[in-house]
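Residues per chain, in single letters:
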Amino acid sequence: MKTWDAIVIGGGHNGLVNACYLQRAGLNVLVVEKNEWVGGAAVSRSLTPGFLYSNCSYVCSLFRPETMRDLELPRHGLQVIAYEGGAVLTRDGDYLANYRDHDAHRREFARFSKRDAEAYDRYARDVTRQCRFIQPLLMRTAPDPTSLKPRDVGELLFLARKFHDLGPSQMAETLRFWTMSISEFLDEYFETDVIKANFSISGIIGTALGPMSPGTAYVLLHHYMGEVDGSVGAWGYARGGMGAITKALSSSFQASGGTIRTGAEVDKVLVSNGKATGIVLANGEEIAGRLVISNADVKRTFLKLVEEKELPDVFLRRVRNFKIRGSSGKVNIALDSLPEFPALPKDSPCYRGDLHFTDSVERMERAYDDWKAGRWSADPFLDMMIPTTLDPTMTPPGKHFMSCFVQYCPPKVEGRDWTDADRDAFAETVISQIADYSPGFRDRIVHMEVRTPRELEAEVGLTEGNIFQGELTFDQLLFNRPVPGYAQYRSPIGGLYICGSSTHPGGGVMGAPGRNAAAEILRDLSKSNTQMSPAHDVI
Amino acid sequence: MGKTAKKTSSPYAGRIAARSHFRTLRLDTPFQPRIDALMKQNDWYSWAGYRAPASLWDEELEYFAIRSTAALFDISPMVKYLIQGPDSEAYLDRVTLRDVTRLRPGRVQYTAWCDDEGHVLDDGTLFRLTEDAFRLCCQERHLPWLLDSAIGYDVSIVEETEEIAGLALQGPTSFAVLREADFDGVEHLKVFDLAGFEHQGGTVTISRTGFTGDLGYELFVPANLALSLWDRLMEAGQARGIRAIGYTALNRARLEAGLIVANADFSTAEHALRPDRVRMPDEIGLGFMVDAKKGHFNGRRAIMAARDGKKLRHVLVGIEIEGNIPAEHAIVYHGKKKEVGLVSAAGWSPLAKRNIAIASLVRPYGHTVNDDLWVEIYAMRELKYERLMKRARIVPRPFIKLDRRTANPPADF
Chain A
1 MKTWDAIVIG GGHNGLVNAC YLQRAGLNVL VVEKNEWVGG AAVSRSLTPG FLYSNCSYVC
61 SLFRPETMRD LELPRHGLQV IAYEGGAVLT RDGDYLANYR DHDAHRREFA RFSKRDAEAY
121 DRYARDVTRQ CRFIQPLLMR TAPDPTSLKP RDVGELLFLA RKFHDLGPSQ MAETLRFWTM
181 SISEFLDEYF ETDVIKANFS ISGIIGTALG PMSPGTAYVL LHHYMGEVDG SVGAWGYARG
241 GMGAITKALS SSFQASGGTI RTGAEVDKVL VSNGKATGIV LANGEEIAGR LVISNADVKR
301 TFLKLVEEKE LPDVFLRRVR NFKIRGSSGK VNIALDSLPE FPALPKDSPC YRGDLHFTDS
361 VERMERAYDD WKAGRWSADP FLDMMIPTTL DPTMTPPGKH FMSCFVQYCP PKVEGRDWTD
421 ADRDAFAETV ISQIADYSPG FRDRIVHMEV RTPRELEAEV GLTEGNIFQG ELTFDQLLFN
481 RPVPGYAQYR SPIGGLYICG SSTHPGGGVM GAPGRNAAAE ILRDLSKSNT QMSPAHDVI
Chain B
1001 MGKTAKKTSS PYAGRIAARS HFRTLRLDTP FQPRIDALMK QNDWYSWAGY RAPASLWDEE
1061 LEYFAIRSTA ALFDISPMVK YLIQGPDSEA YLDRVTLRDV TRLRPGRVQY TAWCDDEGHV
1121 LDDGTLFRLT EDAFRLCCQE RHLPWLLDSA IGYDVSIVEE TEEIAGLALQ GPTSFAVLRE
1181 ADFDGVEHLK VFDLAGFEHQ GGTVTISRTG FTGDLGYELF VPANLALSLW DRLMEAGQAR
1241 GIRAIGYTAL NRARLEAGLI VANADFSTAE HALRPDRVRM PDEIGLGFMV DAKKGHFNGR
1301 RAIMAARDGK KLRHVLVGIE IEGNIPAEHA IVYHGKKKEV GLVSAAGWSP LAKRNIAIAS
1361 LVRPYGHTVN DDLWVEIYAM RELKYERLMK RARIVPRPFI KLDRRTANPP ADF
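Top line first, the protein sequences correspond to chains A and B.
Going left to right, the first sequence walks through residues 1 to 539 as my numbering numbers them.
Going left to right, the second sequence walks through residues 1001 to 1413 as my numbering numbers them.
Treat each hint with caution, since some may be false.
Stated by the list, open to error - Some, not all, of what chain A presents toward chain B, calculated at C-beta under 8 Å:
hint : residue
1    : Ala104
2    : Arg129
3    : Ser169
4    : Glu173
Keep in mind the hints are simulated off the structure, nothing from the lab.
Even glycine gets a Cβ: it sits at the ideal position worked out from N, Cα and C.
Given the sequences, and given the hints that come with them, work out the whole structure.
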């Protein structure tokens, strides 16, 4: 029987990034993926003829340019196009737009409040300062604060120095920022509800927290620290949908000699004498590997793929208690024609960006209240976009694809499992909200894919459908992600590593966990790692 | 839930009417039709979101208009705040560094204001229009800061950048131009005086101020009177060599006058991303503004603590560099080896016939250690850097001192 140098469980973007780096470092790597296609939650599938969906993740900003370069992703077809703006449509028939142009942005805010218009620079300065602090940490393994190894001590000193460089007032601000709610944070800058709603969006996307929950200010940062080709904070569409990212990754992987097996669901990780020796597929087939790397989330990896008896008690308890809560759904819609929003002028660049209807923080918090009660929001928050306004390759000419990220959506409906009828009612809630602002919207619908946490977990394998493979709260970040003592991509089992978004620095289609895990694995193997270019400078 | 989009109703009419701004990213100033007619270079830049001329016809001739005749420069993009109310004096005394109780109605102060840590938010000019009304003009936007600072004061603060048009009329014949334009009584204006004058049924506020170190005036009018004011000045200035100018020429003149520009010669506190880039007044040559005798003002405690504890790290100085090659953004060295600062503005001064610059140095250099300073100039010449190490000498600012700027009555050239 062939023994692979490394087996990567799961062909999501982090699994593929990890596999690419290991293969390029000279290992013989196999990626096993349960679906008939790779991509995980960064996937473009055609479910109705002529239309391509970004089925799960739908925008790109966080994916690290260092990785794109190392793995030659542009040569393998990846191109990300920055989008042009965005808007919150308001209930009074107006909208608040975000424009890329700094002065237009200010004038737009001034329509609502001259004060808030002039507060934006200070807000942007403070958030940018936080981003500049966190960015260099993304591409580094988090130090173990209990370790006395020179590398951990060095990394801790690096962290301490970065922190100290902030200066006394910013140090205090940073601690507040990492722990406070997005609503409280925004109150310090803005007075207008719709402007606060506009910014609080980034604080709640993907989390099972409301805008008034502590810790959501950090989530905002997580959405701000990306870039499109050096334009920091910008978001964009991958040409051909988010699947273009994993398509380029798998093409790069295979071009460097890697092997992918789709339709291969993993049942168990084989462990012998406390060391991983391979995997067993659902069909019983055993595959031997010197290393096993799991792209699955930390719960799936350690509670489903590994025998509990192989794991230490405290570790198990912490994994069980790791917060990974389903909070969102997704509705993908094929449209016969471009929807109209009467409030939004036809020549507005906002059509080529993200659109929202939640025009107050209060309304967003109420939507969260429904989730706490175990229901999907009656008045949900939508993060809606029409990527085909910038990328005509996803549909026939003149037709459009609309992606609706929907929050909040519970993992169980009032304690019971989702039914098909629930799913359809959930979709109807979404469509009726859109139709309120876009007359004739229903008539344009050609096809729809509706995904509640049930579908996301079943297909993609994300526990509860949580898009970040675990909440991005301070207790689950840095050296505590996923659990204390195991933040460096290793596990209690020798040769078993984790490389998904459950690990530092967390979710979003960033690829940093996969890359950092590869660096640790190569370090353990004492292999040189010349394929990995250093993280970009933040000066 | 009431989430249905309703028909546009009156409370929002103004805000909805303003939506179309996204179709014009750079605004026109009220003077734009006149400037467009004179613009032969199509050399525009964005000044705070406005389409502003870098030069119109010939930047050399525009510079010499400032120094030998009269130059007309559109300052409408300057950010302007109208501060009114019974407490406005006390309020501004609290916000700004200088003693506002000593600023009489009809006078102007060049001033600056700081955050609580004593870091400069901006510098600008404060016009006392009446006992209870002031206009603050500056480069950056500060409405939240000004409003937050007003808590407890009986004042109103209104941002009026778009409503008020502004012109700088600068140069030796500028007074003559105003007199020709029949602004009777303008001869009484001393430096930093202001007064209101009749124009087309409205009022133009004329102050004897400017950014050139020359004889000059600044004029503010409601936007609807802008074009007729421009025409009135241009007509009166025909025989006095009046010429519209762009920023390139003005920038040379302001360097000769030794004046600093926010976010060019120093970083304002609300824009500095890097913690070591902020500056206290004493670190950018504005220490003279700090009035230690007056009561509390924003930043006072931090500024005084830094002075007492010798915590001031930087100093902004004027330097004269041997030779003639401009030293823009050159590194300053002590003993040709130790890096001690950076040049933020530099150029050949046609009036002083010297190679001058403004530089920020790390103390004690430029403060107590002033000898053996050098600048390293990288002059790109036909795709090769000519590297020059030139001696630099600290000299007082302004680099030029013109008697005509302050002469009373102003000379009629």
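Check each numbered hint against the structure and report the violated ones by number, ascending.
Hint 4 is the one this structure does not satisfy, whereas the remaining hints hold.
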